[in-house]
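Visitor: Chain by chain, the residues run as shown.
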Amino acid sequence: MLYTASSFIRFYNELEDKVIGFYEKLLEDQRFSEYRDVFSSFIEESNRHKDLITRSYREVITDAMEAAFPLKSLDEEDYEVKTGSVNEQAVSDVLNDAVQVEGACRQFCLDACDSLSGLLADVPEEFTLVAEKKSLRIEKLKSL
Amino acid sequence: MVVLEEPLKEVLNLKNYINGEWVESNSDTSVDVVNPALMKTIAKVPRSNAEDLDLAVQAAKKAFPRWRRTTPLARSRYLFRLKNKLEEKFEEISRIGVMEHGKTIDESRGETRRGIENVEVATGIPSLMMGYNLEDIARGIDEYMIRTPIGVFACIAPFNFPWMVPLWFLPYAIATGNTYIVKPSSEDPLSQTQLFECLDEIGLPPGVCNMVHGGREVVSAILKHPDIKGVSFVGSTPVGRDVIYKEGAAHGKRIQAQCGAKNYFIVAPDAVVDQTIMSTMTSFFGNTGQRCLSGANLVMVGEDDEFYDRFMEQLTDTIKRIRIGYGLDESVQMGPLRDPGKKKRVVGYIEKGMEEGARLLLDGRKFEVVGDYPHDSFLGPSIFDKVTPEMTIAKEEIFGPVMSVMRVNTLEEAIKLVNDCPFGNAAMLYTSSGKLARQFQYETEAGNIGINIGIAAPMAFFPFSGMRDSFYGDIHGQGRDAVQFFTEQKVVIERWF
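Each protein sequence line maps, in turn, to chains A and B. The first sequence maps to residues 1 to 144 in my numbering. The second sequence maps to residues 1001 to 1497 in my numbering.
Isolated chain A (complex conformation) (with noise of 0.2 Å):
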């Protein structure tokens, strides 16, 4: 269970490692070569959102907030994303994967949002911002 906001941010970048770890599983993989530019694209975004998410957490963060109390609690497991090996997969199948590892991923920003509402308030926006770019990678991904 996740019950601090420290917490949640150092999930959160675990979470956004295992998207990057699987997109670079994929550049790897001849039969994505396609789709090189846009899986190096998603890359470095999610990069740039683990540094935006610390930034602001650690930038916000003072005595003042409530960041040791969450509204509420956060389960990893609600958060769990499970991937077959790319190479033993179809290419439909990991497609469907990284669907999934993005709407986990997104979903855990929107329920961090939640949680850490008026509390640390940079922090949530930052959420927010990181879930609507997953829906549009979600989008993406789809119509590869």
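Calculated from the structure, these hints are not laboratory results. Hints are not guaranteed to be accurate.
What the hints assert, rightly or not - Below, simulated DSSO-like cross-link-like pairs (lysine-lysine); rule was C-alpha separation at most 30 Å, straight line: (1) B:1083 x A:50; (2) B:1089 x A:18; (3) B:1089 x A:50; (4) B:1085 x A:50; (5) A:18 x A:50; (6) B:1366 x B:1395; (7) A:72 x B:1366; (8) B:1061 x B:1229; (9) B:1320 x A:72; (10) B:1062 x B:1015.
Source: prediction; values computed, not measured.
Assemble the complex: chain A is given as a structure, and chain B must be docked to it using the hints.
Guide: Relative to chain A, chain B alone:
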């Protein structure tokens, strides 16, 4: 459960920092710095003496003329470099804060950030330090005011925010051209040591910033030393009022003594309940209640018993779920008290509350700790209701995780309670009514007012106010007040023939 890595792996032998060098104290006695969650010694801090302090004063005094002549812009650039260093070490400093004090990692990062914010504000010194002028005050005569630095200043730091509090003062003191001495809390001096490592690395001229560890002997020497021009103190009211303010003033020093508190957290019947309850969590139990801005007395306004019962039920249910443990465990929401002695003191207040007839709704003496840690310094949150103003727990600063709940019928009665209290550090009101909020901020005699804010901690560009028994002195810390405290105003009247 993720426990963050400890940045300190071995027991450190701390040194003083004088004249740009790390030096051993002249004293051969030291005290242990103990991590209160683990009850393990993490450092040994020297009990420096008056001789050590004098060495620091002489170094600071010698550095002053040159530092004073360093331009404000150049001085601010040292602070920009310091800011960058502190950002690099942000996480390390924050984790050390957890280890030395016991607070949670979120709280410690908040403290680190608040300290850095003061450095950031002080970088604006070329603007902040400007005086003012008027031409033709008489025909052909101009007059202007300039701010000039004064000399050597010192800070006596508290244990509850050992990193942040010296940064309420030091950046402004040196930015305005003074030289400085910090006496860190001997209970948790490690984060200050980190600060001085950063100050060392930015290449400040020797003697501009100095650190002398120690206890009462060093404090006494600071207050009496003829070459120290002013002292900033944060701590309890008895020490601030009876020792720092009186002794310092008797020796001709500028004094700002930010002292104790008994803060009221008022809940109006139209308060937004969910947000109010979340705010009580951090207000009363953040930093394990060891905060001069903490809520202490929760005052419920109104005659609606049903609202009161519902609110208290939700409040108690939320507070009893606070997770207690080692602050480096990210799942933990409240750490231990600073040491077993402080826990004993708080337990004494819990017993006193029961003896005097308050009803203990939540007993913090019964608690569970997340993880396998010794219970010596841990204490759970406590809630008393049926508290009356004459009870000890309603009057005295407990400095621990104890909430005392009172009921009144009107906001006027609540304001009277606040104003009858000898302390005047902070007061908070939760309401949806602008009218009530204005009445509260207008009539309440407290230095830091929170309207739907549980911890009314002024940002670095505002003064950390405080009134009555919560502050002794004339000028507060932080922001423009700090610039005023650390400068003399010189008026020049000028005519040219």
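Visitor: Hints first: check each against the structure and report whether it holds.
Guide: Status of the hints after comparison with the structure:
With a C-alpha separation of about 22 Å, the suggested pair residue 1083 of chain B and residue 50 of chain A falls inside the 30 Å cut-off, and the hint holds. Distance restraint check for residue 1089 of chain B and residue 18 of chain A: the Cα-Cα separation of roughly 27 Å lies within the 30 Å cut-off, and the hinted pair is therefore satisfied. Of the pairs offered as hints, the one joining residue 1089 of chain B and residue 50 of chain A holds, with about 19 Å between alpha carbons and a cut-off of 30 Å not exceeded. Pair hint residue 1085 of chain B plus residue 50 of chain A holds up; C-alpha atoms about 22 Å apart against a cutoff of 30 Å.
For the hint linking residue 18 of chain A to residue 50 of chain A, the alpha-carbon distance of about 12 Å falls within 30 Å, and the restraint holds. For the given pair, residue 1366 of chain B sits about 24 Å from residue 1395 of chain B by alpha-carbon distance, which is consistent with the 30 Å threshold. With a C-alpha separation of about 24 Å, the suggested pairing of residue 72 of chain A with residue 1366 of chain B holds against the 30 Å cut-off. With a CA separation close to 10 Å, the supplied pair residue 1061 of chain B and residue 1229 of chain B stays within the 30 Å bound.
Only pairs whose Cα atoms come within 30 Å are accepted, and residue 1320 of chain B paired with residue 72 of chain A is accepted, the gap being roughly 14 Å. With a CA separation close to 21 Å, the supplied pair residue 1062 of chain B and residue 1015 of chain B stays within the 30 Å bound.
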